[in-house]
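Student: Sequence:
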Amino acid sequence: MKTLLAITILLFLSACTHNKKLSKEEKAFKYTPAGVLVPSNSGRGRVGDNYIYAPNIRFPIEEAPAYINSQVYGVGGMHGKRGSLCSKENYQYPWHDNYCEKRPWGMPMCPSGKGHQGVDIRGATCEDKKYHAVAVEDGVISYIGKYSVSLRGKTGRTYRYLHLD
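Read in order, the letters of the sequence shown correspond to residues 897 to 1061 in the numbering used here.
Misleading hints may appear alongside valid ones.
To be verified - Straight-line C-alpha distance at most 20 Å; calculated SDA-like pairs for lysine to any residue:
hint, residue 1, residue 2
1, Lys984, Gln967
2, Lys998, Gly972
3, Lys998, Gly976
4, Lys920, Arg1018
5, Lys984, Gly1019
6, Lys926, Val1015
7, Lys1026, Glu958
Simulated from the structure, these hints should not be mistaken for lab results. A quick note: this is a predicted structure, and the numbers were derived from the prediction, not measured.
From just these sequences and the hints, can you work out the full model?
Tutor: Structure (structure tokens):
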């Protein structure tokens, strides 16, 4: 009876396992929790806020991999370690949230009442004019400026893309 029970449990568990082989990128993917800003002197993020404010959107970079980290506090940034913005350190996992990072403008959703109003996303490498941004949802381009584009989605949300080139 114990053997039959053990076989039944093993069959059940093997049926429930996911047999998909992970790609190299999937195996390498890591991230710091939302709201945890790196480095720690870059401000106070929304730690503990795991609410999804824009569900069902597409990631705004056409092809993986892409890297989320600070353009200001990362290597080569104004407040980052010395080096080049093209440093390999800026183009590797883990992803680091930088929403609410220290900035002078008002942002009521940030704990300090001001801060970075989005996240910085880099393509796979530092090569210019190689990676394409895509619309996160169907909609209409409502503004085109010198450094920014605004997309008004079907949901009514507005998405701002900055420094695309």
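Student: Each hint should be assessed against the structure and marked as holding or not.
Tutor: Verification of the hints:
no.	hint	result
1	Lys984 with Gln967	holds (13 Å)
2	Lys998 with Gly972	holds (17 Å)
3	Lys998 with Gly976	holds (13 Å)
4	Lys920 with Arg1018	holds (19 Å)
5	Lys984 with Gly1019	holds (12 Å)
6	Lys926 with Val1015	holds (16 Å)
7	Lys1026 with Glu958	holds (11 Å)
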